[in-house]
Structures are given as C-alpha cells and as structure tokens.
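Q: Letter by letter, the chains look like this.
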Amino acid sequence: MNDQIQLTYHVSAADFTRAGEASSDVKSKLKQMGVSPEAVRKVAIAMYEGEINMVIHAEGGTIKVTITPTEIEIVLADKGPGIADIEQAMQAGFSTAPDNVRSLGFGAGMGLPNMKKYSDEMDIKTELRVGTTVTMKVNI
Amino acid sequence: MDKFFTAVRLDEDLCKGCINCIKRCPTQAIRVRNGKAVITKKFCIDCGECIRICPHHAKLAIYDSIDIMNQYEYTVALPAPSLYGQFNNLDDINIVLTALKRMGFDDVYEVSGAAELVSEMSRRYVQEHKENWPLISTACPSVVRLIRVRFPNLIEHLIPIKAPIDLAASLAREKAMKLTGLPSEKIGIIFISPCPAKVTAVKTPLGIDKSEVDAVLAIKDVYPRLLNHMKEIEASQEIEELAISGKIGISWGGAGGEAGGLLTDSYLAADGIENVIRVLEDLEDQKFTSLEFIELNACNGGCVGGVLTVENPFVAKVKLKRLRKYMPVACNHLINVEDEDGYWTEAVRYEPVFKLGIDMKESIAMMTKVEELCERFPGLDCGSCGAPTCKALAEDVVRGVASEKDCIHILREYIHKISDEMSMLDLQSRNKKTE
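Those protein sequences? They're chains A and E, same order as listed. Mapping the first sequence onto this note's numbering, position 29 (from 1) lands on 31, and the numbers just tick up by one. Mapping the second sequence onto this note's numbering, position 361 (from 1) lands on 679, and the numbers just tick up by one.
Since the hints were made in silico from the structure, they are not lab data. Any given hint could turn out to be false.
[Stated by the list, open to error] Coverage of chain E stretches by chain A, computed from C-beta distances (three or more under 8 Å per stretch; other residues unrestricted):
id	region
1	467-481
2	594-607
3	663-672
4	677-683
[Stated by the list, open to error] Residues from chain A that face chain E, not an exhaustive set, calculated with beta carbons under 7 Å:
id	residue
5	I7
6	Q34
7	M35
8	G36
9	P39
10	A46
11	Y50
12	P71
13	V103
14	R104
Predicted model, so just to flag it, every value in this text is computed and none were measured. Note that CB positions come from ideal geometry on N, CA and C, so glycine has one too.
Put together the whole structure using the sequences plus the hints.
A: See the structure below:
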C-alpha cells in the first residue's frame, strides 16, 4: 500500500473563469483528509497563484500534487515563454502580465512573492522559449 | 446538549425517496436509505433547502406551538423584523405589535431594536479589529455552523457579538422581571421566527452558553391569528405605541440591511446558501483584500426568505423598504447596555465532521480508494444509489456506510456477469449429459 497519493491536473489556456479549479479541488481534498487548516491555507494560496501564472503567462500546463503524511509537493510544469530574470520576477509589484489581463484585475505582481511566502520550499527551473517548472513543498 | 442538534424532520409517510433533497443539500448531508431520506445530523447546517425543494412536503421544520404561551405567567413576544414584511397595506408597525398583545402576549420587544445596538457594537468592533478584516456577521446561525464544519480558517473572522435575538431576549427578560417582580422561570420570552436555524440556535447556541429565549414560534403559524386582530385594530384605531426601532433595525430583515447598518462602503452582502459558500471559498483563498465586513444570509433575500415565512421574500423586502421610509435612522443607542452583555462568551471551535481518516496515513489510503471508486462509477450523479453524486457514494463506501453495488450501474454489470456465468454452468452441465 502506497503511503502517498498523487493528483494530476491539466490547466487549460487563458480560460479565466476556470482558473483556480485545480487548487480548489486540492483544497477540498486536503480538508477532507484532515490536514491542518494552516497547511490547507498555505497550499491553497500558493497553488492558486501558480495556477493563475500558468494561465496568464504560459497558456496552461500540468500540475502534479503529491500528498504524503508529512508534506504536500506541488509541481507546476508549462511549455510557456520561460522567465527571463527570476530575481526580478520575485520582486513584489513586478509583473509582465499583458494588458488584457491587467484590465481584468490580475497582474499585481504579487504571484511569485506570495508563492514563496506561503510555501516552505520553492524551486524554479526555467528556459526561455522552452518552459518553466515550479516545485513547491508545504509541510504538514 | 447535543452539539449537532438540527431542526429539520422528515414525515416518513410523505417521503417518496426521490432525489430532490439529496441533490439540493449544500453539505451533501442527506441520503436515501430504504426508500426514505435520512439526514446525517453532523453535516446538516439548518439552511432549509431540503424543506424548500421537497415536492411532497415531507420535510418539516420543528418549532414550538402557540400553546406554549400558556406555560408562562408573563409572556413577551420578540418579533423578527421579517414579520413586518408579510402583510399587505401595512403602514404602521404598531398595528402588528398591538395585534401580538391582542393574541395574548403581555408585552412586545422588537428584535430590530436590539439589532440597532448590535449594529453600533459592530461598527466599533470593525474599527478596532483591522487585523481580522473582513469581519463576518454571525447573525445567521446556518452560516456560523457552515463555517465551523467547513471553513476553519475563517473562524477568526467571525464577529463575536451576540445575534440581535439573543441580545433582545436578555433585555426583554430584564425589563419583564423589573416590571412584574416575577422570577425568571415564570417569564416566557418567545421569538417569532422566519426559519428553523433560529430554533437550533436557541436549543444549542454557539458563542453563548445558554439562550435567553424560551420558545420559538413560526411566522406562518402566527400570521393568520395576527391578521384577524389587525383588522379590528385598524378599524377601531386603538393602536399602542410599542415600536422602538428605526431604519437600521427594520432593514435587518432583508439581505444587505445588516451591512447597511455598518455605515461603511467596504462591505459585501451575499444571500442564498450556494452564493454564501462561493464567497467563503474565495475569502479563504484571500481573494478579498479591501473589504471590512461581510454579511452572509443562508436564505435568498435574507431573513424574509426563511422557510417559515408567508410572503415572497422579494416582495417582503420592498414592503420593509416602504415601512422604514419615514423612520429615523436608528432609535437605539448603547447608553443603557453594558458592552459585555453583547459579546460572545464562548469561542466557536472547528468540528472536522467531513474528515475521512483518523490520521494522514489512513486518510491517504481512504482518499486513494475514493479516487479509484470514482473511476469505476459512471459519473452520472444520477442519485439512484441514494447519494447525491458518484463521489459522495465513493466516500460513503470508504466510510463503511454504503456498498459499491448500491450503484445500479455497477449492480447491472454484476448481474450480467452472474447471468453469463450461469449460462456457462448451464451449458457445461448440458454438455455433460450428452457425453
């Protein structure tokens, strides 16, 4: 018997009304599994920000969530444009979101900083014109 | 006291075992077992949706009968402001209040009066507790119970102030005791309610140890009696001046009224339990950063939409608007009430009723099984198994309260398989005979 459960989500391109469905599903499953409210909150916010980023910048991608008795690992992988300067992107307020997205209220530039704030570990691997993979871990 | 008491009951003779209520329940608390609807009490939040939707009128709210007045030497009626929106052509609330006295109550204390005090306390509390913005109203018992079982991260946002009915009951009892000199047990403080959630709130309160309300009557029971008296009063014009509230208090009866009493623009008011759930999910994900206050009502339209009311909620809201048009903004102020009387004395605790396993290892195993079962089930959410969705049946199976074969599609596959096996056996035995 496996001591972990893996969930896979395919996030579709630029459909804002559905953005957040994956993190919503993970949130409700974590609650049902009795994960502490604090850990649920961290995962919900960090994953939501990552999911929105995938929709805004990368036309979607795949999210794999692995839940073990001690931690939740979230891997967001896309085939988008990649991040030119990671350090700059991590600055609060900096955003490369296109205008049509900003007019909808997104693009405040708090995505990556929030992801870092609410996860216990975060790693970004990116290559221009190839894609980006963000891995986050939240301890239970 | 049973911490999961609920005020909804089933008339088994009328229940047809259809799927209407199981599909409508916002917490998936209902299942059909042996042809009858059964509510899992710890999931039920008394929102009344099942009562609203049942086409066979098999779902009922429990409340006290009007005869309960006879148990007390001195009775005070506490009408909810939604009561005033039930009548046609009413232009003076005192007519309703006088009619309550003609019905047999010794005195009347408007819940809307206490509501204005709650508004004043809330205004102050919101300003003094920016760290918990947005603060969530706790007047709707259904919403508080929903938050305690499903949104533990929001418990710290609940405003720990008594609901108007509880503050009104304390004040009414004090006033009655002072006036009559009678001991507390002989005084009946009786609430006239638009909904069953308030019955639960009185019998098993959250935030306070014990409710000062002795009995809860339904608006729809009291309505026909009041009508007769109101006609006489209007004809004779013998109207007593019993009203004590202004615009703010009366507005509490409809959605948006409580938020209006906060005198701020940074608020959100949502009504209808599905909308409430959506707001709470978004609030949990920190999607509302600039709000100070959130008013939530389980019923569409606010309290005027409760299942124990008579009038259409949207019409009732308009009537309340007309009634309060020429009233002063508020008539009740906090000079005479000690602030401590208005606050909660107990914290609301998270009740993880939906939890699958006792620890993470077990939960992971159970969740894995749920996912596997969901793959096997057809995903039609047809309700024939008695559960609202295929996922709910999967959870029931894993919890040990249902079986895979409750699914009629799985059962049909199984029957085909057995039937094939039996044909094979039959063929084999016939072959043997011919050998």
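Q: Now tell me, hint by hint, if it's right for this structure.
A: Hints, verified against the model:
1. 467-481: holds (count 3)
2. 594-607: holds (count 4)
3. 663-672: Three-residue rule met by the region 663-672 of chain E, so holds; n is 3.
4. 677-683: holds (count 6)
5. I7: It holds, given that the least Cβ distance between I7(A) and chain E is near 5 Å, below 7 Å.
6. Q34: Since the shortest Cβ distance to chain E is 5 Å, the answer is holds.
7. M35: holds (4 Å)
8. G36: With Cβ-Cβ at 4 Å, under 7 Å, it holds.
9. P39: holds (4 Å)
10. A46: Since the shortest Cβ distance to chain E is 5 Å, the answer is holds.
11. Y50: holds (6 Å)
12. P71: Since chain E brings a Cβ to about 4 Å from P71(A), closer than 7 Å, the hint holds.
13. V103: Since chain E brings no Cβ nearer than about 16 Å to V103(A), farther than 7 Å, the hint is violated.
14. R104: Since chain E brings no Cβ nearer than about 17 Å to R104(A), farther than 7 Å, the hint is violated.
Checked against the numbered hints given earlier, the structure breaks hints 13, 14 and satisfies all the rest.
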